[in-house]
Amino acid sequence: MAEEKKVTTIKTKHGEMTLEQLAEVQPGMARLMKEVGERYHILYYAAKGGNWLLAQHELNQVTALLRAGSTLRPKYSTDLTNFAREYLNPISEAIRSKDWKNFEDLYKKGV
1 MAEEKKVTTI
11 KTKHGEMTLE
21 QLAEVQPGMA
31 RLMKEVGERY
41 HILYYAAKGG
51 NWLLAQHELN
61 QVTALLRAGS
71 TLRPKYSTDL
81 TNFAREYLNP
91 ISEAIRSKDW
101 KNFEDLYKKG
111 V
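Okay, so the sequence shown: first residue is 1 according to this note's numbering, each after it adds one.
By construction, these hints were calculated from the structure, which means they are not laboratory data.
Bear in mind the structure is a predicted one, so any value in this text is a computation, not a measurement.
Just to be clear, a hint being listed does not mean it is correct.
[As the list claims (entries may be wrong)] Pairs of lysine-lysine, DSBU-like flavour, derived with a Cα cap of 30 Å:
1) K48 to K5
2) K101 to K34
3) K11 to K48
4) K48 to K75
5) K48 to K98
6) K108 to K98
7) K98 to K34
8) K34 to K48
9) K34 to K13
10) K109 to K98
11) K109 to K34
12) K48 to K108
13) K75 to K6
14) K34 to K6
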């Protein structure tokens, strides 16, 4: 006798759905990278305008999106982690020190 596959459902405020349905609606890398690009763009102009708090916020959002990408698409995890370490961490240091010239140089390297 074949075993029946157990279907796990979760409750949301809009009803119930299966884990498979939930997985299907997760954003792919294309959607995530579009938002990464938008936030990276805002990050530049925030820093250029001296709004270092906004620049750090946008950088934090970029980092969070890349972490989500690592979770959703494990095959990219190493590349995304390396990118964050090599490019985003130094940008964060430049933001903390409010060093526009260093920030701009580091930002361009990350493009």
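So, going through the hints one by one against the coordinates:
Restraint check for K48 and K5: the C-alpha separation of about 56 Å exceeds 30 Å, so the hint is violated. Proposed proximity of K101 and K34 is supported: the alpha carbons are some 26 Å apart, at most 30 Å. With a C-alpha separation of about 45 Å, the suggested pairing of K11 with K48 is violated against the 30 Å cut-off. Annotation: proposed proximity of K48 to K75 is violated, straight-line Cα distance about 35 Å (limit 30 Å).
Taking the CA atoms of K48 and K98, the gap is near 10 Å; set against the 30 Å cutoff, the hint holds. As the CA atoms of K108 and K98 are separated by approximately 16 Å, the hinted pair is consistent with the 30 Å bound. Pair hint K98 plus K34 holds up; C-alpha atoms about 27 Å apart against a cutoff of 30 Å. Simply put, K34 and K48 have alpha-carbon atoms about 22 Å apart, close enough for the 30 Å limit, and the pair holds.
Annotation: proposed proximity of K34 to K13 holds, straight-line Cα distance about 28 Å (limit 30 Å). Proximity of K109 to K98 is assessed by CA-CA distance (about 18 Å); at most 30 Å being required, the pair is judged to hold. With a C-alpha separation of about 19 Å, the suggested pairing of K109 with K34 holds against the 30 Å cut-off. Annotation: proposed proximity of K48 to K108 holds, straight-line Cα distance about 13 Å (limit 30 Å).
Simply put, K75 and K6 have alpha-carbon atoms about 27 Å apart, close enough for the 30 Å limit, and the pair holds. The suggested pairing of K34 with K6 is violated, with an alpha-carbon distance near 36 Å, which exceeds 30 Å.
Hint violations for this structure: numbers 1, 3, 4, 14, all remaining hints satisfied.
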